[in-house]
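Chains as they are written, first to last, in the numbering used here: chain W, 1 to 386; chain Z, 1001 to 1363; chain D, 2001 to 2337.
Hints are supplied without guarantee of correctness; some may be wrong.
[As the list claims (entries may be wrong)] Calculated lysine-lysine pairs in the PhoX-like style (CA-CA distance at most 20 Å, straight line):
| # | chain 1 | residue 1 | chain 2 | residue 2 |
| --- | --- | --- | --- | --- |
| 1 | W | Lys122 | W | Lys43 |
| 2 | D | Lys2249 | W | Lys293 |
| 3 | Z | Lys1246 | Z | Lys1350 |
| 4 | D | Lys2249 | Z | Lys1107 |
| 5 | W | Lys122 | W | Lys133 |
| 6 | D | Lys2249 | Z | Lys1132 |
| 7 | W | Lys133 | W | Lys143 |
| 8 | Z | Lys1104 | D | Lys2249 |
[Claimed, not checked] Label pairs and their calculated CB-CB ranges:
| # | chain 1 | residue 1 | chain 2 | residue 2 | range |
| --- | --- | --- | --- | --- | --- |
| 9 | Z | Gly1014 | D | Phe2199 | 53 to 59 Å |
| 10 | W | Gly236 | D | Asn2085 | 22 to 28 Å |
| 11 | Z | Asn1068 | W | Arg14 | 15 to 21 Å |
Note that these hints are calculated values from the structure, not bench results.
Yeah, the Cβ is synthetic: ideal placement off N, Cα and C, and Gly gets one too.
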Amino acid sequence: MDMALRLRRIGLPRLIVHISVLVIVLLWLLPTLGIMVSSLRDKNQLAVSGWWTALSTSTRTEAVRLGTGGAPVQEGGLYVMTGNVLTEASGKTITAFGTRIQEPAAHKIGEPLDLGDGETLKLSADGSYRYEKNAPFDAARGKRIYLTLTTPPEFTFDNYRTVVNAEGIGRSFINSLTVTIPATIIPILIAAFAAYALAWMQFPGRTLIIAMVVGLIVVPLQMSLIPLLRMYNEIGLLFGVPSKTYAGIWLAHTAFGMPLAIFLLRNYIVGLPREIIESARVDGASDFEIFVKIVLPLSFPALASFAIFQFLWVWNDLLIAMVFLGTAKDQLVLTGSLNALLGSRGGNWEILTASAFITILVPLIVFFSLQRYLVRGLLAGSVKGG
Amino acid sequence: MAGLVLKDIRKSYGAVDVLHGIDLEIAQGEFVVFVGPSGCGKSTLLRMIAGLEEISSGDLTIGGQRVNEVPPSRRGIAMVFQSYALYPHMTVYDNMAFGMRIAKESKTEIDRRVRAAADILQLTPYLERLPKALSGGQRQRVAIGRAICRDPKVFLFDEPLSNLDAALRVATRIEIAKLNETMPDTTMIYVTHDQVEAMTLADRIVVLSAGHIEQVGAPLELYERPANLFVARFIGSPAMNIIPAKIEQGGATTVITLAGGKSVTLDIATDTALAGEAASFGVRPEDLSLADEGEDYLFEGEIVIVEQLGEVTLLYIGGLVENEPIIAKIPGIADVQKGQKMRFTAPRRKLHLFDKTGLSLLK
Amino acid sequence: MTGQIVSAIGVMIVGVLACIAYFYLSNKLLDLVFPVPDGNVEAASKGLRRRAIVRPWLFLGPAVLLLTVYLVYPVIATFILSFYNRTGEDFVGFSNYQWALQDRDFRQSIFNNILWLAVVPAACTFFGLVIAVLTDRIWWGNIAKSLVFMPMAISFVGASVIWKFIYDYRANGETQIGILNAVVQFFGGNPEVWIAMPFWNNFFLMAILIWIQTGFAMVILSAALRGIPEETIEAAVIDGANGWQIFWKIMVPQIWGTIAVVWTTITILVLKIFDIVLTMTNGQWNTMVLANLMFDWMFRGGGDSGRSAAIAVIIMIAVLPIMVWNIRRASREAEGH
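Turn these sequences into a full structure, and let the hints guide you.
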C-alpha cells in the first residue's frame, strides 16, 4: 500500500504517538544498552571510542618501514623489493597510504605510485607491497610510509572472564545467592500465616496490628540499623559467635520484608470468597487445615508476587549487606562488589561494565520471565479512585 | 428535516460481520425502539449512529447530511448510557454544563439551560451534589438532563432502565414518555431488550436479530401481524404457542392438520400450491380459552402445570408439541386441576400461520 | 565455595522445616490442650472457643515477634539513642539535634533532600502518567511499558555504574566515551564533569532515580487509567471534548487517589535512598543527602550513635505525615471486614 495512504489510515495524531513512544523507549533502553555493548568490546577499543560506534570499523594511522633491501631481486634492469608491512594477521586492512605524516591517506592502494628518483611503490590492501627502483636499494633503514588502517569491530568475552575470576565477582555472585534465596522463601511462610490470621480470624487487637503493619511499611530502615547492629554485636560477644553472619542477615531481611509481605498477602487473602472458607468450616476443618489446604494454594499469585518483590529487593540491596554482613572482600555481595570496584577500578570501564551487567543479569531474567506477578504485586492496594 | 436515514449500514470486526445491511428511515420527532435478544447488534447500531463506532460500509444521514465521518459532538446527538456515565468528580450542575462549557457558551446561557433541564426532571434541589450522593433513579435523571442540555436533534438511549429496580423502572419509563411529549420535534432512538419498554414507548419498533432487521412497525402491528416466527415469539409474554402443522388445502381459506391430528380451518388466504407443505400454526396464550361442551375446539390436552397468579391462570398443556408445553392464559382464577384433560379454542381472527421458512402467511 | 552453597541450601531447608514444624506442632498442641469431645456439646463448644482464642496468636506469633524485635524496638531505641552521646552512655538531651542544625553538611543535606523531594516524585508521576496514556493507545504498548519498567529490576548500584558511564568525562577535543558529553561535544559545546557541577549535579543524580522509578509510576497509573469507566470518556467525546480536555478534565480527576499513592510512595523512597549518592559521589561536591549522612556518622571515627540516630529520627519525622495518612486509609478499608 502506498506510504501516504497508509499514513493517512493511521492518522497523524496516532503516528505522533507511535513516534513519541519510540523515542521514550529508546531513551530508557539506551543506558542499559550502553553497558551491555561496552562489556563485550575489546578493552582498548572501549577506552578510545564511544560504544555507539562499536559496530563500525575504527580508523587509525600507523607508521611502518619498508624493508632494507636484503637480497634484492633483479628483473630486467629493475631492482624489486617485495614484502608485507603488516606484521600480524590482525584482520586489518589498509585503505590508503602516504609518504608524509601529515597526509597518511594521500595515495590509493593497488595503484603504483611514482615516488620520483626512479622509484615506484605499489601497496595492496593486505599489506603486501612491490617496491621497484632502477638502482640498487641503498638506504640504511627501510623507507618509511604512513598507513591508514581500518580495524573491524572486536567483541569478546574477555572482560567477563577477567571479572569473574580475578576481581571476585564470581564469589560475590554466590554470596548474593546465599543471601537472597533463604531471605525470599522464609518470609513467605511466616507472613502467610500472619496474613491469614489478620484476614479471617477474630481476635482483640486485630485492627491495631493491621495499623501497625501498614505504618511499619513506611518506616525507614535507617531507624533500625544502629540498635540492631549493637544488639548483634552484643549477642556475638555473649555467645562467642561472629556478629556478622548469614543467619543474621537472613533474619534481618525477613523482618524488614515482613510488613509489606503481610500487607500484600492479607489484601489478597481478604479478597478470597468468604463462602469457600465458611463451607470448609461447616465441613469441620480447623483453621490450620483451612489455611494449608485451601487458602495457601489459592493464594499462589500473591505469594509469587511477593516472592519476586522480595527477591529483587534483597538481591539489589546494598545498605543491609554493608551493615550486617560487612565489607570484607570475600563476604561482599554483588552490589557491594560493584560498589568497591567503582572505587578501586574507577577508570577501567571494561571491568565496571562487565561487572555491572553480571549484577543486573539475574534480576533482569527474573523480571522478564515473571513480570506479570511483579505488576500484580505493585497494584495490590495501590489503585484507588479519585 | 432532522430525520435519520440508514442506507445499507454494515459493521464488521475484522472477519466477523455483526450487522448485515440495515436499511431504515426514521422521521423527525419519531420515537423508535431497537429491540432484540443479546448480541443482535442493537447497541452496536446505536453506537454507530452516535459516532462511537465506525460504520464499516453504508451511509448514515442525519437531518439530510451524511455524517459517517462527522465526530459525535457535531452530529446533533445526545446519548444516555446504561450505566449513566456521569462524571463522578463533578456536581450535577457541572455534569450537565460540561458540554456547553466545552462549546464555550456564555455563562448565562449555560445557567438557563441547566436550570431548565433540572426543572423538567425535578433535579433542582440536587444541583450541587456529587453523583455518589444520589440514588440510581436520580443519577439516571441527571444523565437525561445532561443530554437535554445538549439541545440535540436526536436523543439516543442505550438500555437506560436496565440498572434500575422494577418499581423505579416503571416510574422512569413514564418520565421518558412524558419527555417525549414535551419535545415533539426531537427524534428519539431507544435500545432495549425488554419488550414492555418497547411496546409502551415506541411509535415504531425495529426488531433485530443476528444483525438483521426482522420487522419494523408500530407496536400493535407487531403484536397482531408479526412478519415471521422470530417476531411472533419475541413480542408477547408468555410467547406465542407454535404448533407444527401440515397444510391440507390452500385457497381463500386454508385447512391445516395440527400435530395430534386435529383439522383446523383458518381465515387466511394461501396459494393452493402449498398443499402438503409443512407449516407452523401460532396462537397466543391470552387468545386461548377453555372450550365449552360441544363447542368447536382447536386441540385437546392434559394440564401438566397450573399456575394461579390471581389476575390470570397459566395452564401448561402437554402432549401436543414435543418437549414444549402449550401455554394458555385464562383470566381470573380458573377452576382447573392438574391432570385434567381439557379442550381449548380461540377466535378465528387471532390464528396465525407461518410457512416452512418461518414467514407469516397472513397478508 | 561449594561448602558455602551447601550450607546455604542446608539452612534454607532447615529454616523452612523449622517454620513448618513450628506451625504444625503448635497447632497440634493447641488441639490437644483444648479437646473437642464428640457427644458433649457444651464441652465441645468450650473447646472450640478456647482454640479460637489462642490460635490467632499462634499464627501471628513469629511475624509479630520479628516485627517487634527488628522494627518496633529499634525505632524506639533509635529515638532514645538520639538523646545520648556517641557511645550511647551519657544522656545529652537535645545537643545532637542542636549540633545537626549547625552542621554544614547537615544543612546541605536538608537542602538537597528538599530538592530531591520536590523534583523526583513529581517527575516520576508526570512521566509515568504521560507514558501510561501514550502506551495504552498503540498495539505494542505492553512491550514499551515493559522496557520502561525494566530499570526497576536493576539495583541502584548497577544503575549508578550505568549512569556514571553516561556521564563520563574526557578533556575537550578528545573522543568522548560518555554519551552525554559526546552529544554535547557533537553540537559544539564543551564536555563537563557533570557529577561535580555545583548545584546542577544533584539533578544529574536525580535523573538516575527518575529513570528507575518512572516505570513504577507508569504501571500503577496505567492500571488506574484502565479502571476509568469507558462510558465517562465516551460521554465526554459526545459532549465535544478533545483529547487534551478529556485527559485533564475527565481522566486525571478520576485517578487522583492513585496519583496521591504513587507520589507518596516515591517520596518515601527518596528519603530512604542512599545507594545512588554513595556510589556516584559519596556526598562530595555538595551532593550529600540525609540517608548518606546518617550512614557516614554510623561508622565515622568509630561511630557516633547519637548523631546518626538524630539524623535517622529526622528522616523518620519527614516520613511521619505519610505514615499517618496510609494508616488512616487502611483502617477505613479494614472497617469493611
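Taking the hints in turn, this is what the structure says about them:
Annotation: proposed proximity of W:Lys122 to W:Lys43 is violated, straight-line Cα distance about 34 Å (limit 20 Å). In summary, the hint linking D:Lys2249 to W:Lys293 is not supported, as the alpha carbons are separated by about 48 Å, beyond the 20 Å threshold. Distance check on the hinted pair: Z:Lys1246 and Z:Lys1350 sit about 19 Å apart at the alpha-carbon level, within 20 Å; holds. Simply put, D:Lys2249 and Z:Lys1107 have alpha-carbon atoms about 19 Å apart, close enough for the 20 Å limit, and the pair holds.
Distance hint between W:Lys122 and W:Lys133 is fulfilled; the C-alpha atoms sit about 12 Å from each other, no more than 20 Å. Annotation: proposed proximity of D:Lys2249 to Z:Lys1132 holds, straight-line Cα distance about 18 Å (limit 20 Å). Of the pairs offered as hints, the one joining W:Lys133 and W:Lys143 holds, with about 12 Å between alpha carbons and a cut-off of 20 Å not exceeded. Our distance criterion of 20 Å between C-alpha atoms is met by Z:Lys1104 and D:Lys2249, whose separation comes to about 15 Å.
A C-beta distance of roughly 56 Å is found between Z:Gly1014 and D:Phe2199, which places it inside the suggested range of 53 to 59 Å. For the hinted restraint 22 to 28 Å between W:Gly236 and D:Asn2085, the CB-CB distance of approximately 23 Å keeps it satisfied. Range check, Z:Asn1068 to W:Arg14: Cβ separation about 19 Å, and the 15 to 21 Å hint holds.
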